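Input sequences plus hints: build the corresponding full structure.
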Amino acid sequence: MYFFQIRPLGQALISLAFIAYTLLNLNGLSATGALNADSLKTLFWQAGIALIIAEVVFHASLAIAFWKQADAGEDERDHGIEQKALAQSNYAHGGLLLIIFLASLGHERVPTDFYFTELATHYNIAILAAMGYLLIDAIKHGAQAIAYFRSN
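So for the sequence shown, this note's numbering puts the first residue at 1; every next one is plus one.
Certain hints may be false.
[Unchecked claim] Per label pair, the in silico range of CB-to-CB distance: (1) HIS79 x ALA120: 40 to 46 angstroms; (2) GLU118 x ALA87: 34 to 40 angstroms; (3) ILE49 x TYR2: 40 to 46 angstroms.
Worth flagging that the hints you see were computed from the coordinates, not collected in a lab.
For clarity, every value in this text was computed on a predicted model and none was experimentally measured.
Where a beta carbon is used, it is the ideal one built from N, C-alpha and C, also for glycine.
Put into structure tokens, the structure is as follows:
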């Protein structure tokens, strides 16, 4: 595997891992009855710092392992693949914005099992937005990884 194949695949896996980590912790906090605004803020801080550390370690290890390829730069094929992946993730972005808009209208317009009932609506929307943007990141980088695998 090459640097330009591993990089988007790793970034997509990191995003999916942090979605799973956050949702499992939210579910655990909700099941124990400990889910409140303070525990949510603590969880988001922990997940955010861990996400930054994971990205830095991942990119540093890739730069060390593939130092010749990482320093080569990008060509027109790489830019084309990136533009196609951005176009595909824009569809998911539009869907996420629509869901956030509908969720912001209130509980009566969205099913009640869509929310964590222990939290206020704006915290539920923040959870939805954070998980949605991680999912969009995973879609974008997954599309790039698939395009790189198909082109080789």
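Comparing the hints with the structure gives:
1. HIS79 x ALA120: 40 to 46 angstroms: holds, 43 angstroms
2. GLU118 x ALA87: 34 to 40 angstroms: Given range 34 to 40 angstroms: holds, Cβ gap about 38 angstroms.
3. ILE49 x TYR2: 40 to 46 angstroms: With a Cβ separation near 30 angstroms, ILE49 and TYR2 fall outside 40 to 46 angstroms, so the hint is violated.
This entry does not satisfy hint 3, going by the numbered hints stated previously; all others are met.
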